[in-house]
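Protein sequence lines, in the order shown, are assigned to chains A and B.
Residue numbering for the first sequence follows my numbering, starting at 1 and increasing by one per position.
Residue numbering for the second sequence follows my numbering, starting at 1 and increasing by one per position.
Because the hints were derived from the structure by calculation, they are not lab data.
One thing to keep in mind: the hints can contain errors.
[Unchecked claim] Covered stretches of chain A, as calculated for chain B (at least 3 residues, CB under 8 Å): (1) 327-336; (2) 477-486.
[Stated by the list, open to error] Below are the SDA-like pairs computed for lysine to any residue, each with C-alpha atoms no more than 20 Å apart in a straight line: (3) A/Lys294 - B/Lys591; (4) A/Lys291 - B/Val507; (5) B/Lys591 - A/Gly389; (6) B/Lys567 - B/Arg528; (7) A/Lys291 - B/Arg80; (8) A/Lys476 - B/Arg528; (9) A/Lys366 - A/Ala26; (10) A/Lys90 - A/Tyr40; (11) A/Lys366 - A/Gly389; (12) A/Lys476 - B/Ala524.
[To be verified] Some chain B residues close to chain A (C-beta under 7 Å, calculated; not the full set): (13) Ser46; (14) Gly529; (15) Arg639.
Just so it is clear, the structure is predicted and the values come from calculations on it, not from any experiment.
Virtual Cβ for every residue (Gly too), placed ideally from N, Cα, C.
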Amino acid sequence: MRIVVGRGSCGNAAGASDVFAAFVAAGFAPAITGCVGACYLEPIVDIYYDSGAKKRFVRVDEKGTDEIIKHLKGEENHVVDYTIGDNDAKILLEQKRVALVNCGVINPEDINEYIAKNGYEAIKAIVAGRTPEEVIEEVKVSGLAGRGGAGFPTWFKWNAARQNAADKKYIICNADEGDPGAFMDRAIIEGDPHAIIEGMMIAGFAIGSDEGIVYVRAEYPLAITRLEIALEQARSGGYLGKNLFGTDWSFDIRIKAGAGAFVCGEETALIASLEGERGMPRLKPPFPAQKGYKGKPSNINNVETLANVPWILRNGGCAFAAMGTENSKGTKVFALAGKINNGGLVEVPMGATLNDVIFGLGGGIKDGKAFKAVQMGGPSGGCIPAELGDTIIDYKSLAETGAIMGSGGMVVMDEHTCMVGLAKFFLEFTCKESCGKCTHCRIGTKRMLEILERITNGEGRDGDIELLEELSGAIKEGSLCALGQTAPNPVLTTLKYFRNEYIDHIKHKKCTAKSCRPLLTFSIKEDMCTGCNLCGKHCPVSGIKGDLWHVHSVENSSCIACGKCTHSCPFGAIVVE
Amino acid sequence: MDKIVLHINGIKVEAAAGCTILEAAQAAGVDIPNLCHSELLKSYASCGICAVEIEGNPRLMRACAIQAADGMVINTNSPRAIANRKAALDLMLSDHRGDCLPPCQLACPAQTACQQYVNVAAEGDFDGAIRIIKDKIPVPASIGRVCPRPCEDACRRHMVDEPISIGTIKEFVADADMANGTVYVPAVGEPTGKKIAIVGGGPGGLSAAYFLRTMGHSAEIFDAMPAMGGMLRYGIPEYRLPRNVLDKEIDAIAGMGVTMHNNIKIGVDKDLATLKNDFDVVVVAVGAWKAAALGCVGEDSEGVFGGIDFLRDVSIGNAPNFSGKKIAVVGGGNTAMDAARTAVRLGADAVYNIYRRTREEMPAQAIEIAEAIEEGVDFRYLVNPVEIIAKDGKVSALDLQKMELGEPDEQGRRRPVAVAGAREILPVDIVIVAIGQNAALAGLDVLAQNRWGNIEINGKFQTNIPAVFAIGDVAANGAGIAIEAIADAEAAAKEIDAFLRGTNAVVKHKFLVREDKLTAEDFADVERGVRMKIPHRDGAVRNKDFAPVNLPLTEEAVQADAARCLKCGCDAFDKCKLIKYANMHDVAPDKFEDTAMPTNTQPINSHIVLNTDKCILCGLCVRICEEVVGETALGLMNRGFDAAVSLAVLAPPASADCANCEKCLKNCPTGALSVK
């Protein structure tokens, strides 16, 4: 029998460390695994019985741990309270897992578990008997495209780096995951670090490189630790180092921790940061495949892209290409966040619809509220309204809506999300994370933010929408890198689908989502107020007047629109407009 | 070296392989605007204004960083490229705070570089100062004395203590120049062979001659009066402008080769058509010599004078005998003050000033009013003459309507309103009406007039008659101050020069960055000083003669006053690429109102300061320091909108203070870096 505790960052945050310690204290020797994706069910404990049966316990707290221990000792218990529900189990089974195939399954700190899942077979086979050109061809057949956001064909980048002759080339893994609400790269490194190592090795062999660098944000300490352990084990196991597998091909990998600047996910800025310079993008061309790290041809792939590579080489490009749509092959991992019931990671074949993900795997909107829109692709992406929920997930269809596939962040909004506020949130992010180099991006995003701030403060003016559109166009046109070129997207897509909300804010000084505080007024319905004064007790500014058991009223001059009264009123007598 | 051939703006350009589009364009004489580029450095491509359109490329490409390639077809000025450039400039300007030009200079109708000459004078370099002044003012000793000084009203020093004595400094500098023996005048231009006749030898006419001579045109002045100077001589009393001072300034202009004719009134003694035949261009600068009338009963009585007529008579030597008489001067402007103070000097028994509002609303300069009071002028406020009462055809009294102040008018001055039934009889012997002046155009009536009776001109000072221009009091809006006529003269000289050459005059700097949100709080840290006190004779002494009111100034006092200058204007204005490009494009940064601007000035080393208000973050200073000097004294810090140039955080202590090579400063495209 084996006890496996899910110990990704999400599991640990939910209390898996305590659960793990409790098992140890009880005399068991639990193993660990990474994130299975169902963050909303953490902490998760899997029991693999000697019979071959397996049971999954979820939301395991202190009591739950006790119950499982009693269960394992054969004592009377209530583990049934913690057993995964059929629906949740089904959601995990329904996914098509390629990039996440080992996540939540194997112990990421044990190379043998990776090897047991056919790990390192692909690279061994390649080194033994295939040419770099054949490898690139296999990836070309697979149709794999960059999962970091841009969706550029992976084989093309490899081929370009291969074609550029040089005494030294680099493979760089971009693990500078920065979109708010995106965490698939972290989960993959934490859950299956050897897949990244193998993916980088394959890419290295293909382009003719002997050195790999993982650029990972320093805010991912667990990912860094697991990767360090994996690198060490791979070196000891003869998977990294000189003259691998009895050939003259050598390859090794090192880690570079980034300081957390969003723009360093942009490949030229990433290279600058690796070189010890300020992380600022530069003009392309020359592309990194021509002149990259230290001026040498370099290939940069995102974590998820690389995680797909060993699978493709093991199963063949055709198997990968068999999944998905005409123009988008394989699967895609999404990080579900926001007002969704089943927050976490899901992997679906390209071609599934947004509704499949949000209402199927995601379990729909929290608290039974209405689905309003989903932000795809983080701050660079766009907002897709509920009525376009049937849009299929592929690069082309998503781009047609004005959003992008992006790295896979899906932030789900319900009816109470103000779309102007949403645009402001993302713009605030890009404005802060702009490297400050380009005029258009540095000052333009600030000016846009100022306009959005005044709109949400009820100080919007005629012409503000047009000015936002003008600035959006100028920033897209004039910015050097993708950060600036895409920064206006959240504004443009919300303007496209929710223009009336902007007009309501500007002309009527109204926030229909009832979210922009300066635009809200609170009042008490006379026929529903009992004069219980509960609202008055909760009001932090003593802004509610009225004698006990007499009808109360809100003093608008002092009201700060915090909404505490609304929540405190048992009779629903307080109206927000 | 390999050659490539490409097309830029339709021009076939041959360039060396490997060069950038910007370099290829430069070699072909096509200027692509750029701010962050330097040939000393690797391309950086941050400012974005060099982006051009390349046929077949869906994006605009930055010319400073993209290699030119054989066969490229490039448009550097396509509507798309220009829109992008303008957007970048608008954004940079929305984040740019300061004054391109100082408020004093902007307030001066002639745009005299006040800050520059004040600063040079503060160093004791009066020779340098006179050159700067005479770039704009041909008669500075006179103007220094008579100008109402809009520059001082605009001087920001009033937010600290009191304005710099800009006019007095000018007077001192010009006097010092005269004291040297030879009066400085700029070099005359290469002769063009073009002849210009100037009608009127006042400040406008004299200045037109002066500026036209610097351009190489010949200039001949025709004046109706016995001597040159116009209103400076015949409208300003001698106690304010000694005639020897004016004479020396006029002599200096004559010394530039200007022919001057007096006692010739064009339209009477010689007609305009003849002049037009004999000269290539005629400039009409005859001024406004007709005193405005009150329009009340009794105005035709004996003993009623026009203010300007009275002053002219006194100047010529035809002073009326005022001894023992009571004089009323009607009006609240400087001419009224001049008339009243002159009347006092002529031995009048009493001199009243009659004004329908109060001292607060008087258009005359405060110092003029104060000096008039010191000299014994009796001010009667809130009264308006309704009748000049005459006895036997001679003035005997004024019937005055009492007034009170009502609602403000469109200029913000409170309107005088009659108090019903409140009248006052003031016995007087003489009434001097000084309520304004109009043009007198007898003999010049072929020139079209506007509804105020002034000569109508277009934006280039041209009248309805080809090759006839008009400037100063006689043109457009009518009577103003001398420096306005001088400003007209310079602008008209440029237009005339362009007209003669068949080109267009260059209009410089339509757009300027101005600081208009400052308050006294912004100057809380500035050390308080004292405005210089002008030594002068006592009112009771000076009111008996026409000798100057003011006594000589000391160099020390002048320098100390000049040293108080806050130096509002930008040092880098003349070399600033940002303002140059802003004026080449139709920029409109004002669409971004209420924008947040970080305000910060920090020392870079012991003598260079960085003003982040003016920094466009091109990074040239940082890169020069690193790539050319090999130091890292400067760096970039922060992200997003807060990104800024700073002392390098990681600079080793040895580099913390740099070698003062000033390469950063010299390469700054704006005025962000300056010497302390």
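Tested hints:
Counting residues of the segment 327-336 of chain A whose beta carbon lies closer than 8 Å to any beta carbon of chain B gives 0, which falls below the threshold of three, so the coverage claim is violated. Judged by the Cβ-Cβ criterion of 8 Å, the segment 477-486 of chain A is covered by chain B as claimed, because 4 of its residues qualify and three suffice. With a C-alpha separation of about 44 Å, the suggested pairing of A/Lys294 with B/Lys591 is violated against the 20 Å cut-off. The suggested pairing of A/Lys291 with B/Val507 is violated, with an alpha-carbon distance near 47 Å, which exceeds 20 Å.
Between B/Lys591 and A/Gly389 the CA atoms are separated by roughly 38 Å; this puts the pair beyond 20 Å, and the hint is violated. Taken as a hint, the B/Lys567 and B/Arg528 pair is honoured in the structure, with Cα atoms around 15 Å apart against an allowance of 20 Å. For the hint pairing A/Lys291 with B/Arg80, the CA-to-CA distance comes to about 30 Å; that exceeds 20 Å, so the pair is violated. With a C-alpha separation of about 50 Å, the suggested pairing of A/Lys476 with B/Arg528 is violated against the 20 Å cut-off.
Proposed proximity of A/Lys366 and A/Ala26 is contradicted: the alpha carbons are some 37 Å apart, above 20 Å. Using a Cα cut-off of 20 Å, the hinted pair A/Lys90 and A/Tyr40 holds, with the two alpha carbons roughly 15 Å apart. Taking the CA atoms of A/Lys366 and A/Gly389, the gap is near 17 Å; set against the 20 Å cutoff, the hint holds. For a cut-off of 20 Å, the pair hint linking A/Lys476 to B/Ala524 is broken: about 43 Å separates their Cα positions.
Against a cut-off of 7 Å between C-beta atoms, the interface hint on B/Ser46 holds, since the closest Cβ of chain A lies about 5 Å away. For B/Gly529, the interface hint is violated, the least distance from its beta-carbon to any beta-carbon of chain A being 38 Å, above 7 Å. Taking 7 Å as the C-beta contact cut-off toward chain A, the hint placing B/Arg639 at the interface holds, the least distance being around 6 Å.
Of the numbered hints stated above, those contradicted by the structure are hints 1, 3, 4, 5, 7, 8, 9, 12 and 14, listed in ascending order.
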